[in-house]
Amino acid sequence: MKKIIGFIGETFNDKLRYLCALLSPENRLVIVLVLLLLGAVMNTYFMFYTISHWSSSKDTDKHAIDHIEAVKTTSDKTGLIQETENIYNYETEEFNEEAR
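The sequence shown begins at 11 in my numbering and counts up one residue at a time.
Any given hint could turn out to be false.
Distance windows between CB atoms, simulated [unchecked claim]: (1) 35 x 78: 31 to 37 Å; (2) 40 x 75: 45 to 51 Å; (3) 45 x 18: 35 to 41 Å; (4) 18 x 63: 36 to 42 Å; (5) 50 x 25: 23 to 29 Å; (6) 21 x 57: 22 to 28 Å; (7) 22 x 54: 41 to 47 Å; (8) 19 x 63: 33 to 39 Å; (9) 28 x 60: 23 to 29 Å; (10) 47 x 20: 28 to 34 Å.
I should point out that these hints are in silico values taken from the structure, not numbers from a laboratory.
A virtual CB, placed ideally from N, CA and C, is assigned to each residue, including glycine.
Start from the sequences, fold in the hints, and give me the full structure.
What follows is the structure, given as structure tokens:
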């Protein structure tokens, strides 16, 4: 698989170099500048489009930050072990639904 991907990459590179060699330096410069300008325009468009739609979103709760609630635990380990034993009966291997 690595050899196939390497072969495809090398072939693509060779074809691109051949096509670029056919262009004059002035044409290459024009193509590079047009591609840079096109990329900058598209980047600016997507940035402003995203910002404008993000701020005018009807679902404002989607962007709200909720605080994480602290977990309530017992301070001593014996109380935690006792709670676990109340929930799960090891002798019958069943859960106690009332203790939950």
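Quick rundown of the hints versus the structure:
Taking the beta carbon of each, residue 35 and residue 78 are about 60 Å apart, not inside 31 to 37 Å as hinted. Range check, residue 40 to residue 75: about 48 Å between beta-carbon atoms, so the 45 to 51 Å window is met. Distance hint for residue 45 and residue 18: a CB-CB separation of about 23 Å, inconsistent with the stated range 35 to 41 Å. For residue 18 and residue 63, the Cβ-Cβ distance of about 38 Å falls inside the hinted range of 36 to 42 Å, so the restraint holds.
About 27 Å separates the C-beta atoms of residue 50 and residue 25, a value consistent with the hinted range of 23 to 29 Å. Separated by about 36 Å at the C-beta atoms, residue 21 and residue 57 break the suggested range of 22 to 28 Å. In this structure the supplied range 41 to 47 Å is violated for residue 22 paired with residue 54, their Cβ-Cβ distance being about 30 Å. At roughly 38 Å, the beta-carbon separation of residue 19 and residue 63 lies within the given 33 to 39 Å, and the hint holds.
A hinted range of 23 to 29 Å for the beta carbons of residue 28 and residue 60 is inconsistent with their spacing of about 39 Å. In this structure the supplied range 28 to 34 Å holds for residue 47 paired with residue 20, their Cβ-Cβ distance being about 31 Å.
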